[in-house]
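Going line by line, the protein sequences match chains A and B. Here the numbering used here is used: the first residue of the first sequence is 1, the next is one more, and so on. Here the numbering used here is used: the first residue of the second sequence is 1, the next is one more, and so on.
Derived from the structure by calculation, the hints contain no laboratory data. Any given hint could turn out to be false.
[Unchecked claim] The calculated lysine to any residue pairs, modelled on SDA-like cross-linking and capped at a C-alpha distance of 25 Å, are:
#1 LYS34(B) / ASN171(B)
#2 LYS213(B) / HIS111(A)
#3 LYS74(A) / ASN228(B)
#4 LYS132(A) / THR5(B)
#5 LYS74(A) / VAL140(B)
#6 LYS59(A) / ARG137(B)
#7 LYS34(B) / TYR12(B)
#8 LYS132(A) / GLY197(A)
#9 LYS59(A) / GLY142(B)
#10 LYS70(A) / ASP167(A)
#11 LYS213(B) / SER93(A)
#12 LYS64(A) / THR12(A)
#13 LYS213(B) / GLY129(A)
#14 LYS74(A) / ALA238(B)
#15 LYS74(A) / GLU227(B)
#16 LYS102(B) / ILE117(B)
#17 LYS213(B) / ARG120(A)
#18 LYS213(B) / GLY113(A)
[To be verified] Covered, in the sense of this in silico footprint (three residues per stretch, anywhere, with C-beta under 8 Å from a C-beta of chain A), are these stretches of chain B:
#19 227 to 235
#20 239 to 253
[Stated by the list, open to error] Facing chain A, a subset of chain B residues (Cβ under 10 Å, in silico):
#21 LEU218
#22 ILE219
#23 ARG224
For clarity, every value in this text was computed on a predicted model and none was experimentally measured. Glycine included, every Cβ here is placed at the ideal spot set by N, Cα and C.
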Amino acid sequence: MSGDTSSHLVLTDVVVTFNGFQAVNGLHMTVGKGELRCLIGPNGAGKTTALDTICGQTKPASGKIMFKGKSLNKLEEHQISRAGIGRKFQVPSVFRELTVRENLQVAYCKHTGVLANAFRFGRGQEADGLEKLAELVGLQGQLNTSAGHLSHGQTQWLEIALLLAQDPELILMDEPTAGMTVQETRKTADLFNRLKGRHTLIVVEHDMSFVKEIGEVISVMHQGRMLAEGTAQQIERNQEVREAYLGSGGITGA
Amino acid sequence: MSRRTAVQIAVYGIVCLAILLVPTFYDDAFVLNKYSRYLVLGILAIALSLSWGYTGILNLGQATSFGLGSYCMAMGLKLRTVPVHTGSAGLPDFMVWNNVDKLPWFWEPFNSMTFAIFAGIAVPVIFAVLLGWFIFRGRVTGVYVAIITLAVLVVVNLLIIDQQRFTGGFNGITDLAQLEIFGLTFDAYGSSSYYLIAVSLTFSLFFALAITKSKAGLILQAIRDQENRVRYFGYDVATFKMFSFAVSAGIAGLAGMLYTIVMEFASPTFLGVPLSLAIVIWCAVGGRQSLLGAMLGAIVVTGMQGALSESETFLDTWTLIMGFLFVVVVLFLPKGLAGAAEMLLDRIWPSAGNGNGRANKSTSRNTLPRKTEPAE
Ligand SMILES: Nc1ncnc2c1ncn2[C@@H]1O[C@H](COP(=O)(O)OP(=O)(O)OP(=O)(O)O)[C@@H](O)[C@H]1O
Ligand SMILES: [Mg+2]
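One chain only, chain B, in its complex shape:
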């Protein structure tokens, strides 16, 4: 393993450890719930970093996978509640209100929580593979990918709102049971949910890191750089892109499931265009070519958003401040905060980057190549 990779793993590990230790300092249920939410969005940003930052697929519909995951979890949890208002056992309340008298066939398997959790990842993955097949086999690239993914998001969103009888429509799926697995109950306002999310985040981060460090990850980056050249080395570009797209969807699906747990409902806004575009902003601010950067970008931006919108002084101006910040970062730090941090680190401690050789990579294109240190 190169020294750079070792440093990177150490940094990632320290950040995850710090996140895991938060509940020992704050045991305020409300605060933990808020932080849990930020962490879930951090996982979502990791997913986009993999497809956009590493493969060059600008997926503006990342919220599709997130929403599908979230609905799968909500369906599973909904069937565990005893509807107090309707008293109609086994049938979700909104179905009763919509004159549905039998549980629809595609709801049936969600009686099993194992299936619901499995579906929360499998459904977005299968959806991504199908969509990816059309996009990438057809060699659609660049801005058209962004348009198609955004359009698909809008369609899925409308479909969910429209099929109120099966999805709860605008209201989404509310009044959910708490998740219980292995005898543990995950209360949205308890530290158990926080730990579940922190562990999932750690897992997602290192899983994505492993992919980017593998040879496949390198080929993904080559595709981002010049996909036409990659073909002449015998790699099937479409398959590699589908892989990245699908893994990204799976991670986003996991994030969606966790979001349902902390929010205690699923809503069409989880598949909203505003959320989907916000993910892009988090990645751009944090640094889309760094998994950790994108994740921290999401946590910091949403955290600031939360803090500013809650404070009295910035009540009217916080969107303006966020917008300004975003423009500044995009204009002056094309690789986001992670890129800036890496550049700084290379200056202070050049040997850290000397292992597997990205020493020069983080410096911007138009600087002169530095003298390279002799190989170890």
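Chain A with its partners taken away, still in its complex shape:
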């Protein structure tokens, strides 16, 4: 890790159990401000669960989660979001009954109060920004289509656009390129490289070539623990990592 970045997010000894099963088992992780961290690991390693604990979807049984020096443990989901954390879900999660434009309007959440929004009608400036965003992810032609009609790849793009509209300091991405074509994956890599620096990103991915294109530091999880951390080369040479991926077709094919 480049030592000049202050630590933005710190997970200390986080444990998550589901009915006695330890999905996350003493996880430590530190991510610096502006860093793009890739999180990999075989199926069931606990990657999604780790993101769930950061954004408040599941509460850890023990351990500490600190963001910008403040504990997130006791906060509700919306409070964590207001603290500056946004999340893309593994199963793309958008508002299927709303149009693409409306989805983006909801995601544009600078004001979160009820009354602040009850008197909000004009969407002039906001609308400009939203149209540019839609263009960025190639959905400018679908602005008036309801999100339920989008293809899987387009839905992925829409959810990414929602995060851009939300504009959080820390972005959590769970398998953003699943279901995307090679070109789309490349476009995503470009986008992430541009976000890096201005935002802190944690990207869960299986596609190693994609990971190599975007990530500096890669964290590997296995059976709920942090197995290794380092550059792509270090990770690929790491004996423990190779063993963890045994039987799942090797690290590149995971």
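With chain A's structure known, arrange chain B with the ligands on it following the hints.
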């Protein structure tokens, strides 16, 4: 403003205008009173459309707010009557019969009509905020919300029947004065009451429309769609739901007050389960995701009910006919008559829906996405 919103406002305005013009064609007191009743129930349907249709809160206890509003108005009007039978000034007759010799403290403020009218909206709203706090902070969703709201309705209803000394029990509060405000008298069988109700309906409709068109309204719809996702954008879902629930209760309370004016009494049946379930049916038939649809649904269904039950030929079969109609609409028109009308409009005149983009929304989920016209 998008073209679609403009079209919508125009349609809503025309319907309200038509409703306001009715007394110029019919000046039969009995007919006007009947229509007034239908309109009040239309307001009640608008209230449910806001919470159920737009926020996804299936409130089976909407009649609670309606009844509370109606009792507040009745209490105010009751204290304005001079009880002829008992001659006991200032004390409602049913209290005298129940050996109450002093006006209970919570009746006192109703000596002021302004307070009574204020309470007719405030009481249901406060009640909804409290109930909503428990339901939505506790993250109760789906069918459990329906069960809780229905249970609360039953409890409030029983309480009112049980506390006969203060509420008139089964008989309700009868023998009321006519409402007088600003020097106007609202006679249940006069056009003045009709106009009061038509204006209140117009106001409620446009007030609810403004909410659904605001950003908050959009967030409510997002909550209906996927409330978990909404949380991760920083919106406190419980607060938004309480807001929708409370506004809906306030509108229902207003409707309850107006109902007391046209019926000239308040009764525990106004908080009845049959009425509460009927509201759901009106919304389903008219289209719960359309305020106007839900309102017209209530007016058309209750109007038909009235017509069928009065006609000799259908005297025995009208409930059957209504039930059949309901099943047909729910089976074949999941978005109610409003949904069907919108779909038809999109076919005939596609550009009308092209403004702020719900062109594809009204078409059913499983049709293919249409080619979208280039943005304006
Ligand atoms: N809600 C839950 N209840 C019970 N077990 C769960 C739950 N969520 C996850 N698990 C279990 O916890 C473990 C970790 O799951 P998780 O989804 O975090 O893995 P992952 O690393 O994201 O895997 P993948 O690469 O397949 O997405 C798995 O064994 C999974 O079955
Ligand atoms: Mg996962």
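Looking back at the hints listed earlier, which ones does the structure fail to meet? Checked against the structure, no hint fails, so every one of them is satisfied.
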